[in-house]
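Participant: Based on the sequences and whatever the hints tell you, model everything.
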Amino acid sequence: MILKRAYDVAPQEISTDSVKGVQKRVLIGLKEARNFVMRLFTVKPSGVIERHTHPWEHEIFVLKGKLTVLDEKGEKVVEEGHCIYVEPNEVHGFRNDTDSDVEFLCLIPKEGGE
Numbered sequence: 001m002i003l004k005r006a007y008d009v010a011p012q013e014i015s016t017d018s019v020k021g022v023q024k025r026v027l028i029g030l031k032e033a034r035n036f037v038m039r040l041f042t043v044k045p046s047g048v049i050e051r052h053t054h055p056w057e058h059e060i061f062v063l064k065g066k067l068t069v070l071d072e073k074g075e076k077v078v079e080e081g082h083c084i085y086v087e088p089n090e091v092h093g094f095r096n097d098t099d100s101d102v103e104f105l106c107l108i109p110k111e112g113g114e
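Residue numbers are given in the UniProt record's numbering: position 38 of the sequence shown equals residue 38, and the series is strictly consecutive.
Be aware that one or more of the hints could be misleading.
List time: in silico BS3-like cross-link candidates among lysine-lysine, alpha-carbon distance up to 30 Å [to be verified]:
id	residue 1	residue 2
1	K66	K110
2	K24	K73
3	K31	K4
4	K64	K44
5	K73	K44
6	K20	K66
7	K110	K24
8	K44	K31
9	K44	K66
10	K31	K20
11	K76	K31
12	K110	K31
13	K44	K76
14	K73	K4
15	K110	K44
16	K4	K24
17	K31	K73
18	K20	K44
Hints listed in this document are in silico derivations from the structure and should not be mistaken for laboratory results.
Facilitator: Okay, here's the thing in structure tokens:
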């Protein structure tokens with residue numbers, strides 16, 4: 001068994017052409033678990049993960065704040081306590097349109113990396 005505090009894991013700043021204002025903490029990674037990876041994302045105000053796809057599913061749980069979810073049909077706002085399931089190859093993205101940080105857990109299969 002592995003026990004750790006999520007906020008003791010150092011955040012990694014993610015900054016690419018399609019990701020801005022986002023930090024990721026790999027809470028349970030490939031060296032610790034055989035099948036799944038658990039990550040904690042912090043999306044800063046005006047932060048965005050642009051629409052994208054990949055061949056693995058996601059399970060997401062919003063811990064804090066209001067998150068704008070982007071898909072092919074448009075946008076939906078969810079808040080803490082909401083769960084999101086993203087199917088393999090489904091177009092998805094996320095944006096923080098608020099003045100406060102948004103935090104969510106994201107679980108993916110090992111094929112997705114960390």
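Participant: Kindly indicate which numbered hints from before are broken by the structure, ordering the numbers from low to high.
Facilitator: Result: hints 11, 14, 17 break, sorted rising.
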